[in-house]
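Novice: Chains as they are written, first to last, in the working numbering: chain A, 1 to 286; chain B, 287 to 505.
Treat the hints with care, since some could be wrong.
Cross-link-like lysine-lysine pairs, in silico, DSBU-like; alpha carbons within 35 Å at most [as the list claims (entries may be wrong)]:
id, chain 1, residue 1, chain 2, residue 2
1, A, K232, A, K201
2, A, K172, A, K232
3, B, K434, A, K232
4, A, K160, A, K190
5, A, K172, A, K227
6, A, K99, B, K434
7, B, K434, A, K227
8, A, K190, A, K232
9, B, K434, A, K160
10, A, K190, A, K201
Here are the simulated distance ranges between beta carbons [said to hold, decoys possible]:
id, chain 1, residue 1, chain 2, residue 2, range
11, A, I282, B, L344, 44 to 52 Å
12, A, V260, B, V300, 29 to 37 Å
13, B, R332, A, H117, 51 to 59 Å
Simulated from the structure, these hints should not be mistaken for lab results.
Ideal Cβ positions, reconstructed from N, Cα and C, are used throughout, including at glycine.
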Amino acid sequence: MKPMIRIVLFLTGALWLAPPGTAGAGGAESDCMGCHKSGARAIDPARYAQSVHRELPCTECHMEGYDRFPHAGKGAGAPACTDCHGGTAAFDDAARDVKASVHVEMGDPDFGCTNCHSPHYFLPASRTPGREGIFAAVNRACIACHAPGDTPEAGAASMKELSLMHGRFPHKMVHLQRVACVACHTPTDKDTVHLVLPKSKALGDCIMCHSGSSLLTVKFDEYLAEKERAEKGWLNAALYNNAYLTGATRHRWLDWGTFVLTVLALAGIGIHALGRWFFGYIRRTS
Amino acid sequence: MMSGPRAYPLWLRVWHWANAALFLTLLVTGLRMHYSAPSFPPIDFRVSHLVHNAAGILLTLFYLLYILGNLFLGNGRYYRIVSGDISPGLMLQAGYYIHGIFLGRSHPFPHGPDRKFNPLQKLIYLAVVFLFFPASILTGWGLFVPDKLPQGVLGMPSFAFWAIAHTYINFFFSLFMIVHVYLGTTGETLGELYRLMWFGDAHGHEEKGSPKGEGTVRA
Chain A
1 MKPMIRIVLF LTGALWLAPP GTAGAGGAES DCMGCHKSGA RAIDPARYAQ
51 SVHRELPCTE CHMEGYDRFP HAGKGAGAPA CTDCHGGTAA FDDAARDVKA
101 SVHVEMGDPD FGCTNCHSPH YFLPASRTPG REGIFAAVNR ACIACHAPGD
151 TPEAGAASMK ELSLMHGRFP HKMVHLQRVA CVACHTPTDK DTVHLVLPKS
201 KALGDCIMCH SGSSLLTVKF DEYLAEKERA EKGWLNAALY NNAYLTGATR
251 HRWLDWGTFV LTVLALAGIG IHALGRWFFG YIRRTS
Chain B
287 MMSGPRAYPL WLRVWHWANA ALFLTLLVTG LRMHYSAPSF PPIDFRVSHL
337 VHNAAGILLT LFYLLYILGN LFLGNGRYYR IVSGDISPGL MLQAGYYIHG
387 IFLGRSHPFP HGPDRKFNPL QKLIYLAVVF LFFPASILTG WGLFVPDKLP
437 QGVLGMPSFA FWAIAHTYIN FFFSLFMIVH VYLGTTGETL GELYRLMWFG
487 DAHGHEEKGS PKGEGTVRA
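Only chain A is shown next, with the shape it has when bound in the complex (with noise of 0.2 Å):
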């Protein structure tokens, strides 16, 4: 269980990822957005704005030939992502184990960083707010492509079409909204997010969520809570706080005592009742 941990820490805490000083809001719209505002080559100022490179110019890793218009370049050939984050363990390994992913080996060959972290508009898990906004973080990448739509419409579609799909779930879009794909779609053992799975060795076993003991949500939930306290107040925090996981607090030979104890104390009653009845009936009558 332990590099589970790891993975729900990489999922949610992510914090190393990003360098100290780029919390705050910004990012200089550059001379580039007069033309790419609109169209194919269009970047949304205002998402790149929240993103974790937004302060960071264009020039920065669209280098050669894109300091002048007409552009000089072909193509906005761009530094390979581990140009600047390589040389980490973090980034080595997930390097490699995009290279041994189903993405790799059943679908591109040049499947990379960049295919689910957009360069323009990533942003860590971590600094969405709320449990939900940190998995449609997560979730984001992989359903750009396994439920694309371009309306919300389409989206929605796609998504039920999806849901259909993971059938061995109650509560299939729940499961989908609330639960980040790679927490099942990665080996379970090894402390990676990036070694993407094929469907048929994707995890199965509802346990490994669903009881007290599972230590995946139980170190998830502790991150949440502090880090809601910190965004909402400890009252709203409390309030709104989600940490429920069905059949966490399930203990089967709990669940049978007390239900047995509930309907022996039923019972107790009905007969004390009963008799109470009675004998006042027979007072009354005598």
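Dock chain B against chain A, hints included.
Specialist: Quick look at chain B alone, frame taken from chain A:
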């Protein structure tokens, strides 16, 4: 008109019925979450969750007010164990429930200025109000602040410990409520104690009871 302090002042009755409503709400929403299943959807899960949290926070507030009421408004004196409560009080009262009540005998510990609870009731209420009640509240709040709690209680992850403790403490609490509702019918008439808890004892109600005065009040 009753002389001396009232056993059922307005603040106490408001507390009691607010508690009753909150308990029922917590029980229904708690069961909904515990036994959640797709085939059992009378209340939306998320609604249950929010209502359960809100009712729990309100219950905590009411409990703190009740403690203050006991400390400063005199109600605490009814919880003090006095001479005769344990022996022979417990046996006498148990005998009444097992035997005397069927023969129509009078309550062995009638209500008076210094007694609202019979000995058995007093002992159970002491445990319920000052042990189970705070345990229920504390374990509930433990789920709100799992990161602040001692880690690894009894070899279980702390969150699991608080969740399971909270669930089953309150199962037993609900058993108390079932018995409580029934014993509320054991006054001079079936509805007497309910009327007392609703309308209070400001209108000489208790003087119409048995020759010893009001029967022991246990609702």
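Novice: Which of the numbered hints above does this structure break?
Specialist: Numbers 1, 6, 9, 13, in rising order.
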